[in-house]
Amino acid sequence: MSADTTMELLQASLGKSIIVKLRGGAKIRGILDGYDPHLNIVLSDAEELKGNETTRLGLIVIRGDNVILISPPIEYKPGEKE
Amino acid sequence: MSADTTMELLQASLGKSIIVKLRGGAKIRGILDGYDPHLNIVLSDAEELKGNETTRLGLIVIRGDNVILISPPIEYKPGEKE
Amino acid sequence: MSADTTMELLQASLGKSIIVKLRGGAKIRGILDGYDPHLNIVLSDAEELKGNETTRLGLIVIRGDNVILISPPIEYKPGEKE
Amino acid sequence: MSADTTMELLQASLGKSIIVKLRGGAKIRGILDGYDPHLNIVLSDAEELKGNETTRLGLIVIRGDNVILISPPIEYKPGEKE
Amino acid sequence: MSADTTMELLQASLGKSIIVKLRGGAKIRGILDGYDPHLNIVLSDAEELKGNETTRLGLIVIRGDNVILISPPIEYKPGEKE
Amino acid sequence: MSADTTMELLQASLGKSIIVKLRGGAKIRGILDGYDPHLNIVLSDAEELKGNETTRLGLIVIRGDNVILISPPIEYKPGEKE
Amino acid sequence: MSADTTMELLQASLGKSIIVKLRGGAKIRGILDGYDPHLNIVLSDAEELKGNETTRLGLIVIRGDNVILISPPIEYKPGEKE
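Chains as they are written, first to last, in my numbering: chain A, 1 to 82; chain B, 83 to 164; chain C, 165 to 246; chain D, 247 to 328; chain E, 329 to 410; chain F, 411 to 492; chain G, 493 to 574.
Treat each hint with caution, since some may be false.
[Said to hold, decoys possible] Okay, the calculated bits of chain B under chain A, using three or more residues with CB under 8 Å as the criterion:
id : segment
1  : 112-118
2  : 135-142
3  : 145-153
Honestly, the hints are just simulated from the structure, not real lab data. Cβ atoms here follow ideal geometry from the backbone N, Cα and C, with glycine treated the same way.
Please build the complete structure, drawing on both the sequences and the hints.
In structure tokens form, the structure reads like this:
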């Protein structure tokens with residue numbers, strides 16, 4: 001159960017809205033279109049969130065090693081989907 | 083006994099509340115739902131702790147290379163569980 | 165679908181204008197001429213964007229580990245092009 | 247004798263009090279419960295040392311790439327224990 | 329076409345003047361004498377450019393992981409030289 | 411002769427006093443008890459040098475990726491000891 | 493010709509005076525006694541250069557990942573020595 005949970009969670013989040021926090025403080029929200037084991041992330045309809053402002057980014061690729069954390073949309077329960 | 087202790091300790095902490103300290107100073111508490119050998123961490127019911135304030139984060143994936151240290155909930159004794 | 169999406173998206177963007185954000189804040193726009201799995205990026209007609217100013221860079225190679233994010237030109241739909 | 251000395255020294259320190267200095271300046275003392283070749287470190291009864299203050303951390307996992315140096319408890323003599 | 333473009337572009341630039349931007353802001357111009365897949369770069373007749381000043385460096389080896397971007401001399405067209 | 415010189419030099423310095431400079435500026439002197447190919451270093455009787463002050467550290471393990479440079483005690487001549 | 497140029501240039505510089513610039517700004521001059529593919533560098537008669545001052549370092553090992561650039565002594569022509 002343990003070793004694949006990150007990938008399972010991302011798999012379960014495909015097509016849903018997630019938030020990604022990057023090194024340096026940027027916070028980006030978008031629809032998860034893809035990912036890979038390096039945590040490279042493809043988001044569509046992405047926007048950067050700064051306080052109450054949002055800046056539209058559209059479709060983006062985020063390089064994995066800038067990612068600090070990812071908030072998937074739902075309370076995924078490991079095991080339930082396997 | 084030595085080489086696997088980190089993984090054993092995380093295995094023994096699955097489903098329990100842990101605290102993760104990240105580079106840059108963030109401190110996050112949540113239920114450990116998963117991990118992998120890179121120390122990528124999946125937490126549910128996560129919240130960021132800043133002094134006396136907490137910010138709800140919900141379900142998150144933390145990329146391992148941002149992790150400084152992890153506090154499991156219990157005084158795990160290596161060897162006892164093997 | 166998931167693991168190759170970053171590379172597919174870059175493949176679909178060859179010959180088109182993209183924006184690349186680098187560590188340290190630089191933002192570069194150019195025509196994507198090539199890329200590799202490390203996210204090394206070749207851009208032609210590149211220019212650096214700073215507020216309203218642009219500085220012409222011409223043809224450049226960007227080393228992948230400086231890349232934070234890449235904005236392709238179009239709303240690529242994973243799956244449609246496969 | 248040379249290539250394994252780090253691991254031998256950590257092996258000889260299992261169950262004993264060590265001090266670990268981390269990037270960013272933190273200094274942590276605890277009982278060495280485990281380690282691995284990446285210098286991931288498991289400490290029990292850990293406490294952070296800041297000047298004359300100590301903050302109790304309990305059981306912790308320290309990710310190896312934050313470690314600057316480790317002070318084992320004893321004057322280990324390489325060769326003696328082999 | 330995609331995966332080798334960086335190397336092809338450097339190959340096509342051998343013996344020509346290029347500009348290399350380094351982390352920390354340094355900008356170096358010189359004749360490309362060699363490179364390798366880590367983007368280690370050998371330049372002859374190199375000089376550092378700072379505003380209007382240039383400092384002669386002569387023959388240098390630049391370690392690849394300091395490189396942010398490289399400007400080759402010409403508008404290389406991928407595919408044309410293959 | 412070239413590829414192994416670092417390791418040969420460390421081998422020739424076992425049991426002798428060396429100085430190690432670390433990222434962040436720390437300077438540590440001690441007897442070299444061991445090393446490995448990552449430049450993890452074991453020192454006994456180590457002390458940190460700050461201007462004219464020394465702080466006793468005793469036996470320590472230094473994680474290799476914090477090392478900037480190492481000063482061995484003697485003018486080792488490559489080739490002589492092989 | 494291209495892939496090995498860095499190593500050839502260092503090979504051709506053995507026994508000669510080179511200058512090494514390190515991250516953080518240090519500039520070190522010494523006789524190149526050895527190197528390896530990670531750009532770990534062994535210098536004898538090394539001295540740190542700061543403006544007009546020099547600090548004697550003697551024999552040193554520089555860990556490769558601190559190296560920004562290396563200035564060999566001569567105008568090495570790739571191909572001539574092969």
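Here's how the hints hold up against the structure:
1. Remark: the segment 112-118 of chain B is confirmed as covered by chain A, as 4 of its residues place a Cβ nearer than 8 Å to a Cβ of that chain, reaching the required three.
2. With 4 residues having a beta carbon nearer than 8 Å to a beta carbon of chain A, the segment 135-142 of chain B meets the requirement of three or more and the stated coverage holds.
3. Note: the segment 145-153 of chain B has 3 residues with beta-carbon separation from chain A under 8 Å; the three-residue rule is met and the coverage holds.
When held up to the earlier numbered hints, the structure conflicts with none and fits them all.
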